[in-house]
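Novice: Residues per chain, in single letters:
Protein chains: 2
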Amino acid sequence: MTDTNTTPQGETELAQLITEALGSDVHTEQLETLLETHSTADLTRAIAMLEEEQRGQLIDQVSAETAADLVEQLPIVQAIQLLEEAQPEQAAAVVDALPSDLQADLLSDLEKLDAEAILRHMQPEEADDARRLAEYDEYEAGGLMVTEFLRFPDHWTVHQLVRELEDNAEKYRDYQIQYAYVCGSQGELIGVLRLRDLLLGDRKRSLSQIMIPNPLAVPDHMGLDELHGFFQQHHFLGVPVVDDEKRLVGVLQRTDVDQAWIEQQDRSYLKSQGIVRGEEIRSMPLRERVGGRLSWLSINVFLNLMAATIISYFEPTLVEAIALTAFLPIISDMSGCSGNQAVAVSIRELMLGLAKPQDLLRVWLQEISVGCINGLSLGLLLGGIAWVWKGNAVLGFVVGIALCLNTMVAVSIGGLVPLILRRFGKDPAVGSGPLLTTVTDMCGFFLVLSIATWFLDYL
Amino acid sequence: MTDTNTTPQGETELAQLITEALGSDVHTEQLETLLETHSTADLTRAIAMLEEEQRGQLIDQVSAETAADLVEQLPIVQAIQLLEEAQPEQAAAVVDALPSDLQADLLSDLEKLDAEAILRHMQPEEADDARRLAEYDEYEAGGLMVTEFLRFPDHWTVHQLVRELEDNAEKYRDYQIQYAYVCGSQGELIGVLRLRDLLLGDRKRSLSQIMIPNPLAVPDHMGLDELHGFFQQHHFLGVPVVDDEKRLVGVLQRTDVDQAWIEQQDRSYLKSQGIVRGEEIRSMPLRERVGGRLSWLSINVFLNLMAATIISYFEPTLVEAIALTAFLPIISDMSGCSGNQAVAVSIRELMLGLAKPQDLLRVWLQEISVGCINGLSLGLLLGGIAWVWKGNAVLGFVVGIALCLNTMVAVSIGGLVPLILRRFGKDPAVGSGPLLTTVTDMCGFFLVLSIATWFLDYL
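Going down the list, the protein sequences come from chains A and B. For the first sequence, the positions run 1 to 459 when the working numbering is used. For the second sequence, the positions run 1001 to 1459 when the working numbering is used.
Calculated directly from the structure, the hints in this document are not laboratory data. Bear in mind that the values here come from a model prediction, so they are computed numbers and not experimental data. Check before you lean on any hint, since a few could be wrong.
[Stated by the list, open to error] Straight-line C-alpha distance at most 30 Å; calculated DSS-like pairs for lysine-lysine:
id, chain 1, residue 1, chain 2, residue 2
1, B, Lys1246, B, Lys1171
2, B, Lys1204, A, Lys204
3, B, Lys1204, B, Lys1171
4, A, Lys426, A, Lys356
5, A, Lys204, A, Lys246
6, B, Lys1246, B, Lys1204
7, B, Lys1171, A, Lys204
8, A, Lys171, B, Lys1204
9, A, Lys246, A, Lys171
Start from the sequences and build out the full structure, keeping to the hints where you can.
Specialist: Here it is as structure tokens:
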């Protein structure tokens, strides 16, 4: 396991070695050795250090098999960069050598033109398969399944099956074969075989005698949330995928559902932090990175301006009680923090299935009880500090009561907004933050400044 | 698959049915049927609706096997709640029936007293095993591995192995057996068998003849990041775990590493949003929930006060140019947004292994280029709006230039802080946000107010 313990210098050096090997195309062998002997971690980072055109050369200058092995290990966003920069012929050869679910995944994430160029250079049969799979949504059973699986007719015997495996060992080498599937004459799924059941007992039995009949299967259009739930409930390593006519079209593996789940959550996190398309790595072109961030920031400018109009409206009050200005950003930020905590818990409960969009009342009751305690505590804390700092008890009272009330507003909105967005089919990770801060800012500024206006004579 | 499509009403009804069945303890059978026939999704949500003592009764009033099946399906944070409320005898019987990795996971997450009470009631041998596993860190190989696996001496034949599997079918029923492991006389790992290789060929061969010798194994103290990297590089479904003396101590399955990875990321997300312990669901006791949130909020009050002192210092300027006050929260919020985008990308690059803590210069160069473009764009946008809104070009200039400069500061800090925190062994998800906003607030207020002071005559 020493390969995962290389020093930081190792990877910078590796990037240099790759660069040198790329410099002259007689060094294919040297390059292949570099790619095959280094750990995924080292390769990932070394490739992140390469220039754009070097990433393409890297794929072009090794065998398709070596390149496919590399592409399979890397984070998918990096794999896509490599394929985009490679020659279409070579990229096609690489994609040809990948398992079907990864093919579909890569082709649907590539720019349309790049994907078409690659598909044109693939073997026609593989390309048709890939096109068909790429038509499925990336995060439904059809888009996640593999089409490399064991399928045998029900009248075969165990002996025939074992013979088939022996005779075509090469073809089946990379298959994940925990299960084999038994189909009827129309391709309809009628049973499943566990490899261990094949191992035990008589080899003269027919498959229909030892198969588990009427196996569970998932429809090809089932979505990721339901698939994730399915594998939580059932301890299978894989499940057959069937089309509307109950024909077996692929096999969905637990590991692929887990990977997709991780990917979806990563994107969700980035979206919630204002990376609108849910994906950015720093080796992407500057134009894409700036665009992805700026679109979200520009919307935020206008949302912020809405809250600012409240402050402008109360300018006369502020001139009289200028000490208040220091507390405006505090109330805005603290309410945002309280609200974001509630947003995070709601998003997590939605994800775990502990809450559903219609649970508004229950969630609000559970949230407002926290909001009351935290509001009172924070209000007392900030009010006390304001009193001592500015030497004015009324100022402390105004600031404290405003923060207390606005904390209650913030947790209510924070708890409910994700549920409401989900009910309207929106991604709660994307919209919750901006919606929350806009409303809590407006409400917070209004509270502190209108209360201050009442008590202006004492400030 | 109809079970995953139940209506919302179904789950509220299910919670009611469970409550009714709990009311009288003669209805054990009815309760078991409810638990066995409903989907994980329905059960998760129905249980979230139960009262605290009902959650304990639910476990106490069904058989340990049914309860274990239930506990295995539920999110771990909910499973822990159930076990905490159950009678220790019954909780012990349930834990006895779980796979070893889940035992260790649950016991290390339970309160110390609850865990000890359960361990005392477990079968002594199982309890010893569980104690030993619970000593491992939750997120290292030893804490994630299962101890239920196939291990055979090297001198056995395939025939003997098949006989063993047939004779002890009951024992091996729940084992995940894609691989069997071959050990020497000291328990040291010397080979691995794939089930498919057992299936093919002659049953008289000894295991040492068909095993893959010198198999890859991971040390029991390897951490989650490295384990995740290992499974990215190698397409195994499981890998043997060895101790310092190379003795086989368990088997680590890919699915368990994936699950742990998902769990770790979920916690990281909650922590980044101010849920300090990384776990909150709304059915937890109010005291715990308030405490977890308030500790973080209180720290934020003081961080915010640091920034507020800058505003206080410039009060004379603000009195003269009161229109500026409306822009202070905008500059604070917008810089926070720009910085958080950079934080998110850094955390993601650290997670994917694309960046490492020592990449400060490279990351900064890639971040500042985005910061310059976005800073100029946002500065022009906000400056222009301020000019038009307040009818004062100089005010527009002051606000615009301050936002432009502070955006550059924010992306620099946002990009680098996660790397620096990671370098000092801190979790970047926890500290990055508060550190970022404090510095960018202070810097932003200082920029806009000091520039305004220079141009005060024109404001």
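Novice: Please go over all the hints and tell whether each is borne out by the structure.
Specialist: Hints, one by one, checked against the model:
no.: 1; hint: B:Lys1246 <-> B:Lys1171; result: 26 Å, holds
no.: 2; hint: B:Lys1204 <-> A:Lys204; result: 19 Å, holds
no.: 3; hint: B:Lys1204 <-> B:Lys1171; result: 24 Å, holds
no.: 4; hint: A:Lys426 <-> A:Lys356; result: 14 Å, holds
no.: 5; hint: A:Lys204 <-> A:Lys246; result: 29 Å, holds
no.: 6; hint: B:Lys1246 <-> B:Lys1204; result: 29 Å, holds
no.: 7; hint: B:Lys1171 <-> A:Lys204; result: 26 Å, holds
no.: 8; hint: A:Lys171 <-> B:Lys1204; result: 26 Å, holds
no.: 9; hint: A:Lys246 <-> A:Lys171; result: 26 Å, holds
Consistency note: the structure conflicts with none of the earlier hints.
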